[in-house]
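Colleague: Read top to bottom, the protein sequences are chains A, B, C and D. The first sequence maps to residues 1 to 77 in the working numbering. The second sequence maps to residues 1 to 77 in the working numbering. The third sequence maps to residues 1 to 77 in the working numbering. The fourth sequence maps to residues 1 to 77 in the working numbering.
Because the hints were derived from the structure by calculation, they are not lab data. One should not assume that every hint holds.
Since the list can't tell identical chains apart, any single copy or any two copies may satisfy a pair.
As the list claims (entries may be wrong) - Dumping the calculated EDC-like pairs for lysine to aspartate or glutamate here, alpha-carbon to alpha-carbon at most 20 Å:
no.	residue 1	residue 2
1	LYS64	GLU10
2	LYS16	GLU4
3	LYS34	ASP17
4	LYS16	GLU33
5	LYS16	GLU63
6	LYS67	ASP17
7	LYS64	GLU4
8	LYS67	GLU7
9	LYS16	GLU40
10	LYS64	GLU14
11	LYS67	GLU4
12	LYS34	ASP6
13	LYS67	GLU33
14	LYS34	GLU4
15	LYS67	GLU10
16	LYS16	ASP6
17	LYS34	GLU7
For clarity, every value in this text was computed on a predicted model and none was experimentally measured.
Number of protein chains: 4
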Amino acid sequence: MWRETDESLERDFEFKDFVAAWGFLSQVAILAEKHQHHPEWSNVYNRVSIRLTTHDAGNTITEKDRKLAAAIDQVLP
Amino acid sequence: MWRETDESLERDFEFKDFVAAWGFLSQVAILAEKHQHHPEWSNVYNRVSIRLTTHDAGNTITEKDRKLAAAIDQVLP
Amino acid sequence: MWRETDESLERDFEFKDFVAAWGFLSQVAILAEKHQHHPEWSNVYNRVSIRLTTHDAGNTITEKDRKLAAAIDQVLP
Amino acid sequence: MWRETDESLERDFEFKDFVAAWGFLSQVAILAEKHQHHPEWSNVYNRVSIRLTTHDAGNTITEKDRKLAAAIDQVLP
């Protein structure tokens, strides 16, 4: 589930291995560019962390973050 | 299932949409380079076709093709 | 350069190796989904072939094909 | 250039836009799995940060880190 702070939506993901994590990241990359909204994200081996915030709105959560979060949830295996 | 001809192993895949197909292709790309054995493959929207053959062995099926095919099967959703 | 037939725009690309080809394909994948227009494309090791046609327009070349072709040209190394 | 600390090699990269950054990340992903050595890395839009350390050696820099760093440098545009 996405954690909601004053500033952002955050979620951590864990996959079987790096290759599986990469399959997920590759799908999210396409979604991000399509939504014209890019995550702050990091990866180590099978773990992925994604942070969504809207810089243009003064680092708050907006509809753009919620829509991208929902789209990301749909590509989870 | 992989179709076996005199020359190659071939298999077609179908996914929900392009993004899902791309998640699969991205994993296979890593596997191919790791195995140092690269497929002949094509994609249109949600469809992917993969053909495996060993050029160095005169375009026949070798253990390299069978191993890559098995690795590909394991990243299927 | 893109070859223009009655039905499609086609172009072949050659890269240093598979990894370089994959860097290109990964960028084109994002562009394709962003344009909501997906190529017929294939890859073997360092070679990539892309064919652009508009199925909805009876397999002819439309502005959608020309725009995606132009976008693809811009991500070439 | 890679910054060297007691524990890791670190380098920041900047690209034209997200798509260009993704082309780079996609190549590094393949290299990482091929080397069986995975970076700690993050991305925001056109910026990428990579940190290399060898966990199995008590979070120090080893030959594995130097080799992956050299391979990464070779896929820079």
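Colleague: Each of the hints needs a verdict: does it hold here or not?
Modeller: Against the structure, the hints:
1. LYS64 to GLU10: Within one copy, since 14 Å is at most 20 Å while 32 Å is not.
2. LYS16 to GLU4: Neither way: LYS16 and GLU4 sit 26 Å apart in one copy and 30 Å across, limit 20 Å.
3. LYS34 to ASP17: between (26 Å within a copy, 14 Å between copies)
4. LYS16 to GLU33: between (26 Å within a copy, 14 Å between copies)
5. LYS16 to GLU63: Close neither inside one copy (31 Å) nor across copies (26 Å); limit 20 Å.
6. LYS67 to ASP17: between (27 Å within a copy, 19 Å between copies)
7. LYS64 to GLU4: Within one copy only: 14 Å inside, 38 Å across.
8. LYS67 to GLU7: within (16 Å within a copy, 37 Å between copies)
9. LYS16 to GLU40: Close across copies (17 Å), not inside one copy (22 Å); limit 20 Å.
10. LYS64 to GLU14: For LYS64 and GLU14, neither the intra-copy (24 Å) nor the inter-copy (24 Å) Cα distance is at most 20 Å.
11. LYS67 to GLU4: Only inside one copy: LYS67 and GLU4 sit 14 Å apart there, 39 Å across copies, limit 20 Å.
12. LYS34 to ASP6: Neither: 25 Å inside a chain and 30 Å across chains, both beyond 20 Å.
13. LYS67 to GLU33: both (13 Å within a copy, 17 Å between copies)
14. LYS34 to GLU4: For LYS34 and GLU4, neither the intra-copy (23 Å) nor the inter-copy (28 Å) Cα distance is at most 20 Å.
15. LYS67 to GLU10: within (13 Å within a copy, 33 Å between copies)
16. LYS16 to ASP6: Neither: 32 Å inside a chain and 31 Å across chains, both beyond 20 Å.
17. LYS34 to GLU7: neither (23 Å within a copy, 27 Å between copies)
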